[in-house]
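Protein chains in written order, with UniProt numbering: chain A, 1 to 408; chain B, 1 to 408; chain C, 1 to 408; chain D, 1 to 408.
Honestly, the hints are just simulated from the structure, not real lab data.
Nothing here was measured: the structure is a model prediction, and the numbers come from that model.
Note that CB positions come from ideal geometry on N, CA and C, so glycine has one too.
Careful: at least some of the hints might be erroneous.
Straight line, CA to CA, 25 Å or less: simulated BS3-like cross-link-like pairs of lysine-lysine [claimed, not checked]:
id : chain 1 : residue 1 : chain 2 : residue 2
1  : A       : K374      : B       : K200
2  : A       : K302      : A       : K195
3  : A       : K276      : A       : K199
4  : C       : K195      : C       : K302
5  : D       : K200      : D       : K276
6  : C       : K200      : C       : K302
7  : A       : K374      : C       : K302
8  : A       : K276      : A       : K302
9  : D       : K195      : D       : K276
10 : D       : K374      : B       : K374
11 : C       : K302      : C       : K276
12 : D       : K374      : C       : K374
Below, a sample of chain D positions facing chain B; criterion: calculated Cβ distance under 8 Å [unchecked claim]:
id : residue
13 : I38
14 : M47
15 : V402
Computed list of chain D residues with no C-beta within reach of chain A, every gap over 12 Å [claimed, not checked]:
id : residue
16 : D24
17 : M76
18 : Q180
19 : T212
20 : D301
21 : A329
22 : V387
23 : D389
24 : L394
25 : E395
Number of protein chains: 4
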Amino acid sequence: MTVSENVEITGHLMDSGILSRVLDDIREYGADWVIDHIDVGHEAADMSTATITVTADDDEDLQRLLMRLQTRGVNMVDPGEAEYAEAEMDGVFPDGFYSTTNLPTRVRLGGRWIEVENPEMDCGLIVDGTRVYTLPMADVQAGMNVVCGASGVKVTTPVDDRPEGGFGFMESDVSSEKPQAVLVRQVADGMREAKTAGKKVLWVGGPGVVHTGAAPAMMALVHAGFVDILFAGNALATHDIESALYGTSLGVDLAMGRGVEHGHEHHIRALNTIRKEGSIRAAVENGVLTGGIMHALVTHDKEFVLVGSVRDDGPLPDVYTDVIDGQRAMRRALSDVGFCLMVATMLHSVATGNILPASIPLVCVDINPATVTKLADRGSSQARGIVTDVGLFLEQLAVELVPDYRRV
Amino acid sequence: MTVSENVEITGHLMDSGILSRVLDDIREYGADWVIDHIDVGHEAADMSTATITVTADDDEDLQRLLMRLQTRGVNMVDPGEAEYAEAEMDGVFPDGFYSTTNLPTRVRLGGRWIEVENPEMDCGLIVDGTRVYTLPMADVQAGMNVVCGASGVKVTTPVDDRPEGGFGFMESDVSSEKPQAVLVRQVADGMREAKTAGKKVLWVGGPGVVHTGAAPAMMALVHAGFVDILFAGNALATHDIESALYGTSLGVDLAMGRGVEHGHEHHIRALNTIRKEGSIRAAVENGVLTGGIMHALVTHDKEFVLVGSVRDDGPLPDVYTDVIDGQRAMRRALSDVGFCLMVATMLHSVATGNILPASIPLVCVDINPATVTKLADRGSSQARGIVTDVGLFLEQLAVELVPDYRRV
Amino acid sequence: MTVSENVEITGHLMDSGILSRVLDDIREYGADWVIDHIDVGHEAADMSTATITVTADDDEDLQRLLMRLQTRGVNMVDPGEAEYAEAEMDGVFPDGFYSTTNLPTRVRLGGRWIEVENPEMDCGLIVDGTRVYTLPMADVQAGMNVVCGASGVKVTTPVDDRPEGGFGFMESDVSSEKPQAVLVRQVADGMREAKTAGKKVLWVGGPGVVHTGAAPAMMALVHAGFVDILFAGNALATHDIESALYGTSLGVDLAMGRGVEHGHEHHIRALNTIRKEGSIRAAVENGVLTGGIMHALVTHDKEFVLVGSVRDDGPLPDVYTDVIDGQRAMRRALSDVGFCLMVATMLHSVATGNILPASIPLVCVDINPATVTKLADRGSSQARGIVTDVGLFLEQLAVELVPDYRRV
Amino acid sequence: MTVSENVEITGHLMDSGILSRVLDDIREYGADWVIDHIDVGHEAADMSTATITVTADDDEDLQRLLMRLQTRGVNMVDPGEAEYAEAEMDGVFPDGFYSTTNLPTRVRLGGRWIEVENPEMDCGLIVDGTRVYTLPMADVQAGMNVVCGASGVKVTTPVDDRPEGGFGFMESDVSSEKPQAVLVRQVADGMREAKTAGKKVLWVGGPGVVHTGAAPAMMALVHAGFVDILFAGNALATHDIESALYGTSLGVDLAMGRGVEHGHEHHIRALNTIRKEGSIRAAVENGVLTGGIMHALVTHDKEFVLVGSVRDDGPLPDVYTDVIDGQRAMRRALSDVGFCLMVATMLHSVATGNILPASIPLVCVDINPATVTKLADRGSSQARGIVTDVGLFLEQLAVELVPDYRRV
């Protein structure tokens, strides 16, 4: 005996290929479908609506498929009321918990639609009186009410306006063969728009920012107010500080372009120096650290969240060595972010993509196409990728955004 | 006024290019050199010895250069006695601390040479009565005696015998254009030799092991006794468990080869299931987890150390969320390791390379040449790289090592 | 004043994303559209049909858009009769010539639909009495009748049956994270099916086949009858012959796995040796060449077409130094090909993709994802990509297809 | 019975690792060695000289080893007189012919050292009265005198001065993690120096120059006199012309950054248009082609050599379809070249590297590290690689070299 549900989706269905991906999902979950009705937008600008009956082998399969389809913006025609159950243990959701997307989500409780706070991927939905908010698995506590199944949950996919001057062009595949000057300008525009709207610009960076000689450009962007928050690991900060203290960075003498192979001796000594001061801020205030990206962030009172990894030396005293604590700190820093630029780091880019609402524009710049692809594969569907040289890209971005920026 | 020191190096100097790298180091540290004497090995098999006077601007520069040169196996002609100082704070070395290599090291104290326990990169040397051992910066405690400067320290570089049948061929550059069948056989021989010598085989793996369909091959190698310890992150274990529970793994239906895009819903549910059980072992013992690599490790009582990262969902209850704790657990597991195979992970490979003594043979397999290059750049000079498909490589390795192994 | 045309498309429109790409094309050519009618397939297996009115600024734009849309399988509702014009010069088509796809194509002349012979991309259509055939630009002669505009031309896109056991799984993105054993088996099945149907198997190979040590596997496949034709350049043949004559191949001693850096001296001497004999066949017959892939092809009377490139040394006497002559030789060899495997070459893969009808199954194997992506981007939509190690892949393919194949 | 020869080498032997590579060569050719004498440079700036006896199994092996060693700058202590033999057939060298390097070479005939004209890799040395010149295998004619064996031949390796401000920094490994701004400036300096010395600047380019939007930058550099010759294939020229005629280039609308997928229809039509005119110059003169890189070259009377490949459509009427003819045209264009920049092409970069004397500075820019590595592996030891974004690199180069250059 099979079970069925009517679902519907609205948008540029013909145009965007979304319907094809929805039907793929249904097939991949071993279910079947009938298109009941399709209301095609005749003109190019019109929206279409499709109603589909999906049929699965049992209710568990059906519920899981319905949750999956919501990541595509497919909702039940008759969503009913949300159901929830109590978590029995700390850190464990009830069976059948609803697994979230990072899209705007509403939950129907007591006949009313409640907007979910802080949408984030792969979380549970906690019902707390008339509030509903996302919570990662590790933070759930026994006794909390957790939404189960797809009933009473609606997600909204962003309406893609495809404006001529917008980010539309970035929708096509990741590629290094794009007119890069246009891309730089569009990222600059995105940052300006965020600032004009009173929002913050979040940077996520890897040590390549320092290695490619882009630190002066990034420092100029900090000074000019285009870096409000930095998410990074121990490596970016250490190499930046090493460079400020000794003029080198893991293998590169930045002034001359000569390589200092490995050079770990500088690296480990820089870590020890900052540990002795107690924090990066203390090192700045004590006059020990007098230059570099971290120095610029401290002197401009900008926030940074450094989260450690298993390969770290040291680490710097500011680094969260517990990664779950680090994730919590990153989440706290996300409010008011209006634009996110990821540069030269796969690890922290994926980590940030995991917790960033889909409504925040996100651009990922890396010389390695795999980083950008990985990010999109993980579900950060809003991510736009630019495969280019990080050093030259940030140089151009500084030229674009900082009026008096002079290349050294 | 400048300061000088006489240093010497012995080995296949002409042959190995090592002298060139030593002189590069001296130049890069802004110092100068005179070759005082060189005793050339005339025949191909002979060793050469060179004595060099290095001159730096001041003693601090000289000491740091001398420490650097020791990573090349260059020691002072007259090393004198080691000097040490007390750590004044927890987690901070004294200024001028000796930064270690992962090579066999001896320290001269009271006229006697003492062998350093557990050589590891980027650590300090702690003097504790007649013992000397490495300690990472984070673990040093106020009051410990820490070796400072290069005096009284000697390192030994491995004598490279370049045997015909050995790992010599792997010394050339990382390349995907190598006769792969020969490489598989040599890795198999390395593992057999380690086991015959009563040593353990350490695996370091990324989720690509599961995605490439190599789990059955790796399970066969666990059964056959060629996997004693696994270092990995949350991802490998979760994808393996997801695959065992649902037959899928982040985007791949392994039986049919069809992709389940993202599929995070399976992923997050697998995490919840194991968290509910309390541990992977509990899940095996309770009959919840009945297949896969982690199941094989548990049922054969093999050790695994899972260390988290900032991008983790969940994580699994067995994962160290504090990366420094995770590093400590990895260090504890290293004793008796006689061979190390790294597969499809840059993060954990670099982390393991950081703590592994240079005396342990180390092979790194990845389809991405950058992973292998990065490992060598970080100072794991013994690392041999194989750029190939992980799935087919492990398949072939199982055929080579497991007599009755049948491809599924 | 604008001009319009009614076009229609039939297929799994909802399912395949094709409609989205058609509308993208229209937008990109600066035209506009209205969906007049859409007959949705309700059940998963049903076909849909859409009728669309496209509007462009002038007739030239419209004609070019209509030709473009035919590459998607979109035909005019009322195609009318084909129009043609005489070529005025050798090697130049008339203005407005119809530029072909590699899909099955029919042309309406005198009220009858005529099937186009040898469909090939980027050619013109020559009308010769009641025959219509493709001809590349370089081969057109003054006075030939060349179809102009899209009127009277229909193309048929392959109906994708997506059978469970077929090539369906390969439709998803190029990725190295696929269960490789399944992929090997499916390629083997494709070759067996072609042979069973009395068709030929075409290989397109680069020198990586030799460098990765896969020559023995490929030789076994020649012996077993799974290599009917080889398209390659000077490099594969030269390295194979060098390996047979001297046991080396540009940098690799295959028996020992040791690298012979560059080693151009062997390379250039091997070329001279075969040039002296006059041809590869002569070298085999005179007992000069006694092993390797080229030797196997000659002794089994298999065809090979070697086409030169600007970087060639020598070249071998069998190499076409004129690339247009080489393309002609490749075209002549294509009849009766039923399966095509491309291995480790971007240049010859793209060249073959250009001339291969879309109806022939095509698999491209390379360790570099860019090769596979490039092939698909050039319009070889039927191409399936496998990112893996070429040496291990061919080894496994030989194990699969050659009953008594033993790894050396 | 074995045969021996005394050889010597002078240079920064200790410093450069060259001795290690020489001994590797000897071992790889199955020969043995004794270092007879080594005169070490004591100070950092001194040169060293080593005398080595090499022993091989027979004279043929020895001669081939001696020829190999000359590529390292190792010459016989007593070179004697050159020996030569007549070519018996067109296009075939005599057995035992001397295979050339691209280093400055002298040949001893009649007691006098004669400088070899136009040193080029993998050629034979033709003795014509008192002239000696290189000739590729394909161009030798029966009756010509061809040097055989290594006797009487001396090569000179460039003395590497490692000047502080020179190209020294580029000697380290290919890497994308270099301060790119410094690299741009050094390439600019190299071009300026060549022009100041009255030499020509040779560009070798792939279609990526157009796809990355770098055409305006390159056009500005043509106008400013920094592009004297262009070596390319059909693709760069066709995409440039397509872009000039239709504002698109295989998949990229350059003004808007939007992708036109494939877009072969523009591509093939652009080819037909130029073929109709008869040549690119004719198309410029007839007012058909009014913009782009090729237009700039024609209007500034700069030379270009376009050589075809097997994947070409069309091709353009200016393209050499015979690759050996194309190589000859490239050789003719090389005189007076003083600097070579290779951008975004593996095929033409390797082809140019094959024929370029080692004395000409050579920089290779590509986003793909493999291109740069391949070039060095093929023997272009003077090649310096920059892994970066081609579009941004040329943009920066234009800013550096063209005073009034404005980013569009």
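Cross-check of the supplied hints:
no.: 1; hint: A:K374 x B:K200; verdict: violated (34 Å)
no.: 2; hint: A:K302 x A:K195; verdict: holds (15 Å)
no.: 3; hint: A:K276 x A:K199; verdict: violated (36 Å)
no.: 4; hint: C:K195 x C:K302; verdict: holds (15 Å)
no.: 5; hint: D:K200 x D:K276; verdict: violated (32 Å)
no.: 6; hint: C:K200 x C:K302; verdict: holds (11 Å)
no.: 7; hint: A:K374 x C:K302; verdict: violated (43 Å)
no.: 8; hint: A:K276 x A:K302; verdict: holds (23 Å)
no.: 9; hint: D:K195 x D:K276; verdict: violated (37 Å)
no.: 10; hint: D:K374 x B:K374; verdict: holds (19 Å)
no.: 11; hint: C:K302 x C:K276; verdict: holds (23 Å)
no.: 12; hint: D:K374 x C:K374; verdict: holds (19 Å)
no.: 13; hint: I38; verdict: holds (5 Å)
no.: 14; hint: M47; verdict: violated (12 Å)
no.: 15; hint: V402; verdict: violated (35 Å)
no.: 16; hint: D24; verdict: holds (21 Å)
no.: 17; hint: M76; verdict: holds (35 Å)
no.: 18; hint: Q180; verdict: violated (4 Å)
no.: 19; hint: T212; verdict: violated (6 Å)
no.: 20; hint: D301; verdict: holds (28 Å)
no.: 21; hint: A329; verdict: holds (28 Å)
no.: 22; hint: V387; verdict: violated (7 Å)
no.: 23; hint: D389; verdict: violated (4 Å)
no.: 24; hint: L394; verdict: violated (10 Å)
no.: 25; hint: E395; verdict: violated (6 Å)
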